[in-house]
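Dock the two chains into a complex; use the hints.
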Amino acid sequence: MSMLVLEDVHTHYGKIEALHGVSVEVNKGEIVSLIGANGAGKTTLLMTVCGMPQASSGRIILEGRDITNEPTAQIMRSGLAIVPEGRRIFSGLTVEENLHMGGFFTSKSEIRKNQAHVYELFPRLKEREHQRAGTMSGGEQQMLAIGRALMSNPHMIILDEPSLGLAPLIIKQIFEIIGHLRDEGITVFLVEQNAHQALHLADRGYVLETGKIRLHDTGKNLLENPDVQNAYLGG
Amino acid sequence: MAANNMRHALFCAIVTLIISFPILGLSLEAKGVNITLSGAKTSTYVAIVLAAVAVFVFQIFRDTFMGALGKLPNLNPLAGREPMEQTKRVKLESWLLTGIVVFALFWPFLVSRGSVDLATLVLIYIMLALGLNVVVGLAGLLDLGYVAFYAVGAYTFALLSQYTGISFWMALPIGALLAGLTGMILGFPVLRLRGDYLAIVTLGFGEIIRILLNNWTTLTGGPNGIGGIPEPTLFGMEFGRRVKEEGNTSFHETFGIAYSGEHKVIFLYLIALVLAVITALIIRRFMRMPVGRAWEALREDEIAARSLGLSRTAVKLSAFTIGAFFAGFAGTVFASKQGFISPESFVFLESAIILAIVVLGGMGSQLGVILAAIAVTILPELAREFSEYRMLIFGAAMVLMMVWRPQGLLPVRRIQITLNKQG
Numbered sequence: 000m001s002m003l004v005l006e007d008v009h010t011h012y013g014k015i016e017a018l019h020g021v022s023v024e025v026n027k028g029e030i031v032s033l034i035g036a037n038g039a040g041k042t043t044l045l046m047t048v049c050g051m052p053q054a055s056s057g058r059i060i061l062e063g064r065d066i067t068n069e070p071t072a073q074i075m076r077s078g079l080a081i082v083p084e085g086r087r088i089f090s091g092l093t094v095e096e097n098l099h100m101g102g103f104f105t106s107k108s109e110i111r112k113n114q115a116h117v118y119e120l121f122p123r124l125k126e127r128e129h130q131r132a133g134t135m136s137g138g139e140q141q142m143l144a145i146g147r148a149l150m151s152n153p154h155m156i157i158l159d160e161p162s163l164g165l166a167p168l169i170i171k172q173i174f175e176i177i178g179h180l181r182d183e184g185i186t187v188f189l190v191e192q193n194a195h196q197a198l199h200l201a202d203r204g205y206v207l208e209t210g211k212i213r214l215h216d217t218g219k220n221l222l223e224n225p226d227v228q229n230a231y232l233g234g
Numbered sequence: 000m001a002a003n004n005m006r007h008a009l010f011c012a013i014v015t016l017i018i019s020f021p022i023l024g025l026s027l028e029a030k031g032v033n034i035t036l037s038g039a040k041t042s043t044y045v046a047i048v049l050a051a052v053a054v055f056v057f058q059i060f061r062d063t064f065m066g067a068l069g070k071l072p073n074l075n076p077l078a079g080r081e082p083m084e085q086t087k088r089v090k091l092e093s094w095l096l097t098g099i100v101v102f103a104l105f106w107p108f109l110v111s112r113g114s115v116d117l118a119t120l121v122l123i124y125i126m127l128a129l130g131l132n133v134v135v136g137l138a139g140l141l142d143l144g145y146v147a148f149y150a151v152g153a154y155t156f157a158l159l160s161q162y163t164g165i166s167f168w169m170a171l172p173i174g175a176l177l178a179g180l181t182g183m184i185l186g187f188p189v190l191r192l193r194g195d196y197l198a199i200v201t202l203g204f205g206e207i208i209r210i211l212l213n214n215w216t217t218l219t220g221g222p223n224g225i226g227g228i229p230e231p232t233l234f235g236m237e238f239g240r241r242v243k244e245e246g247n248t249s250f251h252e253t254f255g256i257a258y259s260g261e262h263k264v265i266f267l268y269l270i271a272l273v274l275a276v277i278t279a280l281i282i283r284r285f286m287r288m289p290v291g292r293a294w295e296a297l298r299e300d301e302i303a304a305r306s307l308g309l310s311r312t313a314v315k316l317s318a319f320t321i322g323a324f325f326a327g328f329a330g331t332v333f334a335s336k337q338g339f340i341s342p343e344s345f346v347f348l349e350s351a352i353i354l355a356i357v358v359l360g361g362m363g364s365q366l367g368v369i370l371a372a373i374a375v376t377i378l379p380e381l382a383r384e385f386s387e388y389r390m391l392i393f394g395a396a397m398v399l400m401m402v403w404r405p406q407g408l409l410p411v412r413r414i415q416i417t418l419n420k421q422g
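Note that the protein sequences, when read in sequence, are chains A and B.
Letter 93 of the first sequence, counting from 1, is numbered 92 in numbering that gives the first Met the number 0, and no numbers are missing.
Letter 7 of the second sequence, counting from 1, is numbered 6 in numbering that gives the first Met the number 0, and no numbers are missing.
Bear in mind the hints are in silico, worked out from the structure with no lab data behind them.
Quick list of simulated restraints, FRET-style, between CB atoms:
| no. | chain 1 | residue 1 | chain 2 | residue 2 | range |
| --- | --- | --- | --- | --- | --- |
| 1 | B | K87 | A | K112 | 25 to 33 Å |
| 2 | B | L95 | A | K112 | 34 to 42 Å |
| 3 | A | G164 | B | K87 | 32 to 40 Å |
| 4 | B | Q406 | A | E208 | 46 to 54 Å |
| 5 | A | P52 | B | I207 | 31 to 39 Å |
| 6 | A | P52 | B | G164 | 48 to 56 Å |
| 7 | A | K112 | B | Q406 | 33 to 41 Å |
| 8 | A | G133 | B | I207 | 36 to 44 Å |
To give an idea of the interface, some chain B residues facing chain A are shown, with a C-beta separation under 7 Å as derived from the structure:
| no. | residue |
| --- | --- |
| 9 | R292 |
| 10 | A296 |
| 11 | E299 |
| 12 | D300 |
| 13 | A303 |
| 14 | R305 |
| 15 | S306 |
| 16 | L307 |
| 17 | G308 |
| 18 | S310 |
Beta carbons are placed, not taken as given, at the ideal position from N, Cα and C, and that holds for glycine.
Chain B with its partners taken away, still in its complex shape (with noise of 0.2 Å):
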């Protein structure tokens, strides 16, 4: 046993010295016309040989340190405790979820505008990940390209405002409508397709969407993005400091109150945090109908659910569809609040934050995914200053997080057991 630790522990060693001593103990420095190899500082060299000491030492001794992480829940004040009664987890779940919309309305008055800038972020992440959890934690259907029907609802703004200058009120219903559309044509032949196979194929999709934009110079400006899309408006009243439109007058002169650049990001905010509330109370409508139900229960046992009768396609698409529908959503406030958007925006691995979200928050569980949305925003943005190695922490932290609740924040629970006492 104690052999095997140590060879597997030099082994390990060895391997970190052959790694990153040709990616930190060599250079390449161009003289001239010439590249020259040279070797590091001294300091560098000994950087090497303490790190492969480091994995030395914890692979020795790795079964304790990972036996400790383990006990790791323990630290945890909730965990031996019994889970809570159903209905007293529901109202709880409910009173917290409304502190956090009655917080998350006073939050920009109390904060700088950066912080409201971000915050607005995490709330378009929230809708995404609210629209994503129906696809992924309720129907069972892995989908990494999601960031497709994102790219819809903001390309379609971007679009109509260009070609006929749509206000983003009227565009908001179109771009969701239009997302949803979009993944119903594209859920339509795919979701015969189960597991990997599924997720393969989705993941196609959504590069075949960035491409066409990125490539479709013509109507989408190609990799330029399209500029100078609107802000909304309140009732008529723009927010910049001179009205652009005809028509509309600007929100400071309507109230008589002097110009500030933060009325506009406050206002932004706002809209977003109403979106994301509406998001999360229809996709709760939706969980509660028998709908909600007929996603699990293909996502349970495919079989048993056709032989009740339940069209496979027709439960599958609707959580496509809907899925889809609150992407759009999202990406039309994402592009109203950038004001431009490019293919760049759209890419892999935005698919995949929103279904790490997913996976961090609990699959199916609400309140997990908002939560979990706020962390995997805010954290790196948190971590910027240590620059390069933010992503570094961020994937650190990830993976503790995997280890310490393997289920997610706050996992879906069911059970509920209640025993008669007995004589």
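Next comes chain A alone, as it looks inside the complex (with noise of 0.2 Å):
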């Protein structure tokens, strides 16, 4: 049963297409890794899915659903969360607060239930929990960023680079929780850099190269192809 499918993605900015007919198929209850050097279009292909901006040609199905054109307010709330490159927090409004948006469109009660569960699964947020989320380190801010995209109950969860510019234990620590949202069965669809780990805990992996899929296998496979280990193991 799939999750999320691209069928032939094209996706321009202005006139330079950085996407060219990408096809992906993320299936229900798995974690899906794309790796890429940087500028193969990593970031492109999961705005294009959020709708921001649109693609120009291709269809992009979500649990059935065509979203190709819909607007991004109307596909973020339909049970996909992105934990965007950079974490982007609001950074002058508290922790709370910062949960409290994610969970924007569901009622109180299950605001006042996922935030319990995301401070179950990051104490730390909880010992922060009225400090301005710009003061906190970059692990918390990720912490922060995976807790807001909990907070609306999502079916699926797309993280852009979790790992950028954390210390390493930290990186093992986000890891584990992104192994821990698969068990309670959630999708997830990781983009990553870091593609040794990233490829370690995926069930399957795309590697995408100048906006084409290149290789599509599993994780374990992936992590074996000379290839791969050439280009993003380093050797």
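Next up, the structure:
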């Protein structure tokens, strides 16, 4: 049963084509990793799913619904959540207010329930509940960004480079949490430069190169693939 | 370093001479049909040279001066203290606000008629600033044409009273709604823009409305304005010496007291006070509602806010519309207070002053904005004795203010750190 399907998606920034016909499939309950070098179009691919920018051709199907031409606000309210690149938390708001923003379109009781759940996953956030989010460390901010995304009861969560600029110990923690999310039944689509850890965790993986999917296999096979090892795993 | 300072100071002194000599030292005199150029008095030349010397001395010791200025916050007894606890702070703020309102209720009975009139103006600016605070302070949309909505409110009342004889109380909601509607219509195409671009476009809209009012002579009377705008009535009681409208009674006759011009002024003041309090309470309510948080979230990070499913247009438009609504509110009161309005009351300077109030008060903070509105409106009046130097003093006060408290009088605070005791 597929959660998200991209069929021959092309995306343009003005006249420049960034994605040249990408097809990706993410099944329910999977962790799928997308790896690729700088400028390969990883973030563009994710943003196209979210409708900013919209795909210029091809189809994007989320849980059986065609969302290709839907506005961002509508897509993001239908069981999809994203942890954007560089975290993008609301630094002037408190941790709690950030979480409440995540649950903007759910009921009060849902917010209470989900907030308790997020604090369970990240006890650190509970300690800093009333602190301004911008004053926290990078790792804590990443936790908050993930927590905020979980507030909307998503069926699928997209993570854009969650390990960016974090200490190895924190990265390990974050990846553990991502594994935990799958156990809770949330489908995960993970974009990473940190290919080794991303592929380890993933059920399946895609390799994106200059706007095209080059390879596609299980995480384990990709880790053992000599081409991938050469290009992304440092030999 | 010292040589550098010296050269810089010398340069500044020369610039002072170059600028002030032609302005002050030379004067044009009309003699018959000819205009002759003549020099000023010797004392003026001495003053110019003294000014240059003053600039020179200041520039040489500039670092010392500015350093001392930077230490100024130390004079502030609150500067070194720990930030207050959130709950305590909120409590204190609401007590303070209640105190101000109670004091304001008794204010008109203690002072002269002129002061009450000025206080009414202060209240109108408070309404305006609270409204703009939503747009600029909370939603982060720099609106330089805010005065347009103020004008819509004022002209709605003026025109409706002229053509249909509507009363103040009927016009108040209509004016506010119409201003809100204008805000929505204007906002729709421009809210895609961000930052400087939005500022320029709103500036243009503000001017368009003013020029429209100025040139649509058949409807608005153009630069001559509209007069004879009725004053508010209290349950059908008028405050004039004689009753103007059929069916109304007069206030002083109903209560059997002697007629006094002050009744009207005080009544207007009290209306403005009630409306300002209502404005503050409604906006306070909005700020605590999810929509208030959505405004702030969109200001903080637009992409993140959109990724959470917030509609950019809906959120921005709501802030813009609510801000415009309260400007219309204030505009209606203003029209009623003045009894006469013309496009001259709605120039860009008004927008700038309202914006200055919001910035001086500390963006997003209601109490700060209220205090700043009082300061900005009253300061030029207090400095009236200095006549032509009034605006100079006003400007200097603003500059000092920004050096002393760059985040405004009472910036919004959110930080709350509680450290657990260890071991």
